[in-house]
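K.L.:
Line order of the protein sequences matches chains A and B.
Just so we're aligned, residue 1 is where the first sequence starts under the numbering used here, counting upward by one.
Just so we're aligned, residue 1001 is where the second sequence starts under the numbering used here, counting upward by one.
Source of the hints: derived by calculation from the structure; they are not laboratory data.
Small disclaimer: the values here were computed from a predicted structure and weren't measured.
Glycine residues also receive a C-beta, built at the ideal position from the N, C-alpha and C atoms.
Check before you lean on any hint, since a few could be wrong.
[As the list claims (entries may be wrong)] Rough simulated footprint, nothing fancy, chain A against chain B, three-plus residues with beta-carbon under 8 Å:
(1) 1016-1022
(2) 1081-1088
(3) 1183-1192
(4) 1227-1238
(5) 1294-1304
[Said to hold, decoys possible] Take a look, some chain A residues computed to stay more than 10 Å from chain B by CB distance:
(6) 1
(7) 42
(8) 46
(9) 59
(10) 72
(11) 135
(12) 203
(13) 233
(14) 253
(15) 299
(16) 321
[Said to hold, decoys possible] Chain B is nowhere near these chain A residues, computed Cβ spacing over 12 Å in every case:
(17) 28
(18) 38
(19) 47
(20) 93
(21) 145
(22) 153
(23) 232
(24) 245
(25) 314
(26) 317
This is what each chain is made of:
2 protein chains.
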Amino acid sequence: MKIALDAMGGDHAPGEIVRGALDAATLLGVEVALVGGKHFLEVELARYSSPPDAITIVDAPQVVVMEESPINALRQKPKSSIMVGLDLVKAGKAAAFVTAGNTGATMAAALMVLGRIEGVERPALGSVLATPAGPTLLLDVGANADCKPSFFPEFARLGKAYMERVFGIADTRIALLSNGEEYVKGNHLVREAHELLKQAPINFLGNIESKDIPRGVAHVVISDGFTGNIVIKLLEGVSETFMDILNQALSLQFPAATSPLHNLWQEVERRLDYAEYGGAPLLGVNGVVVIAHGRSNAKAVKNAIRVAKQEVEKDMLEALRGARI
Amino acid sequence: MKIALDAMGGDHAPGEIVRGALDAATLLGVEVALVGGKHFLEVELARYSSPPDAITIVDAPQVVVMEESPINALRQKPKSSIMVGLDLVKAGKAAAFVTAGNTGATMAAALMVLGRIEGVERPALGSVLATPAGPTLLLDVGANADCKPSFFPEFARLGKAYMERVFGIADTRIALLSNGEEYVKGNHLVREAHELLKQAPINFLGNIESKDIPRGVAHVVISDGFTGNIVIKLLEGVSETFMDILNQALSLQFPAATSPLHNLWQEVERRLDYAEYGGAPLLGVNGVVVIAHGRSNAKAVKNAIRVAKQEVEKDMLEALRGARI
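The following block holds chain A by itself, in its conformation from the complex (with noise of 0.2 Å):
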């Protein structure tokens, strides 16, 4: 299996990305193409001794400086490496793409290259996070800042797909943030996508709290992408927040640090990390399109890349396409 991987995109491109798809091919066993600049990761890879012959490069010389208009930016730039990239996969090249890059744009450029799912009015952009009941999927959480009522009962059968097809889950619970639990809880939006999402044919749980969704009550989450990407920020931010209250904690109470405290630490740290979850899925579109974390390192770089090639094995698009009829 090969995976098409944005390495000009992230905040550590290309050194984290380059080191990441070395990780993966070593220990995934898949193929990468990294599509960038040839002459830089040319460059990149002489660093490594013997770098797999799993390990291609395929150029994509433009650069897209990210402007108001994405979209402009991407037709304007059809060598910039997230179209490059697509292209892979739209050609049967590569069986997914996976990119640190920026949502808008890689949303933008999958709707122009790869199209949409037939049936689909709007992608959106999932995030796995770990509970400690298992995989929660929150959608959207950043393709669509605006909703209509209409939307959430797509996302909620995408999801629904989605944990089943690649989780393996029986009955996908499916539940709305709202700021309630009670039905009458919520702004317009949410009011009057509970009454749609109550019609659907869809084990549906009611509102959630946001505090819940940490505890994995269900399977699926549904929300406005605005919301949803203030959830996964904030989730993010926390963990940083508790790990730095953590470390003064701990050199409070242990100013001489002791083995089975490295070890706490890591093992909360592993815990919290977000480079654990992986990355995001674009679902909706029409093929496998992963979005690791701006800020990705190269472990990042690897579970994203993880996730890609669970969705491919699972054959995560049969069961999208299916969710639809």
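Since chain A is already given, all that's left is putting chain B on it; use the hints.
P.N.:
Frame of chain A; chain B shown alone:
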């Protein structure tokens, strides 16, 4: 100073509420009027060997059961604890009202009994978060699930006046919660609000992402009440999940508990505990009203009383009235 306390509101009423009142009377030097069923409260007070003279009971024999319309429920029950407590403030017999009851009902009752500060269109519920950089006021966190862009500059002015007067902040930094820092980010509501905030006579930092809230980059963070509510409840939920993770990691790495570990746990818990934050001020109504968490224990009740006391001492209302001119 006498504080009217809703002894019937909250999940742990009246036991924890009464205990919080006793602690507040002892530790904060305030008088507390316990408002609720007289017989009920006499029984509760009888548990203590010598309740201080600073504690009095004001009878409120009616009980409001929360229905779809709190306004109707409150109109039909003028002798409920919320209404009687607010009447005490209106009549000048109490300096402030504190409740752990339903936010919507308290907001509705406060508007009925106390009314708005002149010129305020929409009162907002604030939440003071403890950050490493000092207190951050997030508002609205639940009074207005649906907002118009014009509400946001008003929230900003109320928040600025509050932070200047109550916390002595000199040049209040105000930010707008959005899904990206760039001014083009946001849903329609936030993009329009951004334009209005830019023109307002405030120190406007622009948009911030939710991940920056716990870092304390702004003194005041403005949001619609739906999104703000999602934020504070997620902070709460994540704190609890974090303590669970820490507990599990601790017992894994240190099967035999030791005293420094206990101190570590307490130190972290103290810094994460919502009860430390105190209560949420309802800003824009014509009186000092503080809403404590529904799950408030005695400590949270005491802290909410502390917040109310501070607001009265600093003459917060005068500052908020001035902010409207």
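K.L.:
If a hint holds in the structure, say so; if it does not, say that too.
P.N.:
Hints and how they fare:
Counting residues of the region 1016-1022 of chain B whose C-beta lies closer than 8 Å to any C-beta of chain A gives 0; at least three are required, and the coverage claim is violated. Only residues whose C-beta sits within less than 8 Å of a C-beta in chain A count toward coverage, and the region 1081-1088 of chain B has 0 of them, not enough to reach three; the restraint is violated. Check result for the region 1183-1192 of chain B against chain A: holds, 6 residues qualifying (beta carbon to beta carbon below 8 Å, three or more required). With 10 residues carrying a beta carbon less than 8 Å from a beta carbon of chain A, the region 1227-1238 of chain B meets the three-residue requirement, and the given coverage holds.
Interface restraint, the region 1294-1304 of chain B with chain A: violated (0 residues with C-beta to C-beta distance below 8 Å; minimum three). Every CB of chain B lies more than 10 Å from the CB of residue 1 of chain A, the least distance being 33 Å, so the non-interface label holds. With a minimum CB-CB distance of about 33 Å to chain B, residue 42 of chain A clears the 10 Å threshold, and the non-interface call stands. With a cut of 10 Å on Cβ distances, residue 46 of chain A stays outside the contact zone with chain B, its closest approach being about 36 Å.
Residue 59 of chain A, annotated as away from the interface, keeps every beta carbon of chain B farther than 10 Å; the closest lies near 30 Å. With a least CB separation of 14 Å from chain B, residue 72 of chain A remains clear of the 10 Å interface cut-off, as annotated. For residue 135 of chain A, the requirement that its beta carbon stay farther than 10 Å from each beta carbon of chain B is met, with the minimum near 15 Å. For residue 203 of chain A, the condition that its CB be more than 10 Å from all CB atoms of chain B holds, with the nearest at approximately 22 Å.
A beta-carbon of chain B comes within 10 Å of the beta-carbon of residue 233 of chain A; the shortest separation is about 4 Å. The beta carbon of residue 253 of chain A sits about 4 Å from the closest Cβ of chain B, which is not more than 10 Å, so the claim that it is off the interface is violated. Look at residue 299 of chain A: its CB is around 19 Å from the nearest CB on chain B, clear of 10 Å, so calling it non-interface holds up. The claim that residue 321 of chain A lies off the interface holds: its Cβ sits roughly 29 Å from the closest Cβ of chain B, which is beyond the 10 Å cut-off.
At the 12 Å boundary, the C-beta of residue 28 of chain A stays outside the reach of chain B, the nearest C-beta of that chain being 27 Å off. The non-interface label for residue 38 of chain A is consistent with chain B: the shortest C-beta to C-beta separation is roughly 31 Å, beyond 12 Å. Distance check for residue 47 of chain A against chain B: the nearest CB is about 32 Å away, which clears 12 Å, and the non-interface claim stands. Distance to chain B confirms residue 93 of chain A as a non-interface residue, since its nearest Cβ pair spans about 33 Å, more than 12 Å.
Residue 145 of chain A, annotated as away from the interface, has a beta carbon of chain B within 12 Å; the closest lies near 4 Å. Consistency note on residue 153 of chain A: stated as away from chain B, and its beta-carbon is indeed over 12 Å from all of that chain's, at 20 Å minimum. Against chain B, the non-interface label of residue 232 of chain A is violated: not every CB pair exceeds 12 Å, the least being about 8 Å. For residue 245 of chain A, the requirement that its beta carbon stay farther than 12 Å from each beta carbon of chain B is not met, with the minimum near 5 Å.
The beta carbon of residue 314 of chain A is kept farther than 12 Å from every beta carbon of chain B, the shortest such distance being approximately 28 Å. For residue 317 of chain A, the requirement that its beta carbon stay farther than 12 Å from each beta carbon of chain B is met, with the minimum near 27 Å.
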